[in-house]
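Colleague: Single-letter residue listing:
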Amino acid sequence: MIGRAVKHRDSALWVAAMVHRISGLALAIFLPLHFLALGLAIESEARLESFLRWSDQPLVKAAEIGLVFLFTVHLLGGLRILVIENFDWRDGQKQLATLAAALSALVAFAFLVRVF
Amino acid sequence: MNVRLYVWQRATAAVMAPLVVVHIAVIFYATRHGMSAADILSRTRGSIAWAAFYGVFVLAVSIHASIGVRNILSEWTPLNERRVDACAVFLGLVLAVLGLRAVAAVVLP
Numbered sequence: 080m081i082g083r084a085v086k087h088r089d090s091a092l093w094v095a096a097m098v099h100r101i102s103g104l105a106l107a108i109f110l111p112l113h114f115l116a117l118g119l120a121i122e123s124e125a126r127l128e129s130f131l132r133w134s135d136q137p138l139v140k141a142a143e144i145g146l147v148f149l150f151t152v153h154l155l156g157g158l159r160i161l162v163i164e165n166f167d168w169r170d171g172q173k174q175l176a177t178l179a180a181a182l183s184a185l186v187a188f189a190f191l192v193r194v195f
Numbered sequence: 196m197n198v199r200l201y202v203w204q205r206a207t208a209a210v211m212a213p214l215v216v217v218h219i220a221v222i223f224y225a226t227r228h229g230m231s232a233a234d235i236l237s238r239t240r241g242s243i244a245w246a247a248f249y250g251v252f253v254l255a256v257s258i259h260a261s262i263g264v265r266n267i268l269s270e271w272t273p274l275n276e277r278r279v280d281a282c283a284v285f286l287g288l289v290l291a292v293l294g295l296r297a298v299a300a301v302v303l304p
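Protein chains in written order, with the numbering used here: chain A, 80 to 195; chain B, 196 to 304.
Hint data in this document are derived by calculation from the structure and do not stem from the laboratory.
Any given hint could be a false lead.
As the list claims (entries may be wrong) - Footprint (simulated), chain A over chain B, 3 or more residues, beta carbon under 8 Å:
{"id": "1", "region": "201 to 209"}
{"id": "2", "region": "219 to 227"}
{"id": "3", "region": "230 to 239"}
{"id": "4", "region": "259 to 270"}
{"id": "5", "region": "282 to 291"}
What the hints assert, rightly or not - Computed from the model, here is a short list of chain B residues facing chain A with C-beta under 10 Å:
{"id": "6", "residue": "Val215"}
{"id": "7", "residue": "Gly250"}
{"id": "8", "residue": "Val251"}
{"id": "9", "residue": "Ala255"}
{"id": "10", "residue": "Val256"}
{"id": "11", "residue": "Arg296"}
{"id": "12", "residue": "Ala300"}
As the list claims (entries may be wrong) - Listed next, with one range per pair, are the computed distances between beta-carbon atoms:
{"id": "13", "chain 1": "A", "residue 1": "Ala125", "chain 2": "B", "residue 2": "Ala281", "range": "34 to 42 Å"}
{"id": "14", "chain 1": "B", "residue 1": "Pro213", "chain 2": "A", "residue 2": "Val85", "range": "36 to 44 Å"}
{"id": "15", "chain 1": "B", "residue 1": "Ser237", "chain 2": "A", "residue 2": "Asp89", "range": "34 to 42 Å"}
Nothing here was measured: the structure is a model prediction, and the numbers come from that model.
All residues carry an ideal CB built from backbone N, CA and C; glycine is no exception.
Could you build all of it, start to finish, from the sequences and the hints given here?
Modeller: Here you go:
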């Protein structure tokens, strides 16, 4: 019974929907911190500069790479939803979802190459 | 999610799609061309274009994120609808206020 109830979770499209949701939630949690960091410029340029130098740490850079991935995967997942809902149905949704994840990984990798 | 919230979430998503692409490009550009406060502020201070771009971005993301989080709270937590709505409105306001403050911080001369 339970096996049947969660069978849909094997689907790549269910995983795509979950990735879209989790990435959106993570971005919503990150955003206030991002805004607070940029808001340091209100106090002084030096305060912002001090934060930026703190963010040069490898662990922070690694987190930024994760954020770039989440940002891109949420964008591509959202575009997929907008296309499904507003245009004629096309086959290959699983391939599109996989492509979205692969493209996001590529963008994050390109960012990794830049920051390290 | 009712129809009104659905339309707002999809409309803000459509508005943000090109903004996100530009923002990702800006992130890449900034990491290559200087991530010091002086570099960033020299590009943004006094710029009406960046103020408009990020002002719209902040307002759209505040609406989009608060509706998205509302859906998650509604489906994944035992909170009643009133509390879910209150959390969503609170998040939307926090994002809008902090976001517009951040835009002001980097664009005002």
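Colleague: Taking the numbered hints from earlier one at a time, note which ones the structure violates and give those numbers from smallest to largest.
Modeller: Of the numbered hints given earlier, those the structure breaks are 7, 8, 9, 15, listed in rising order.
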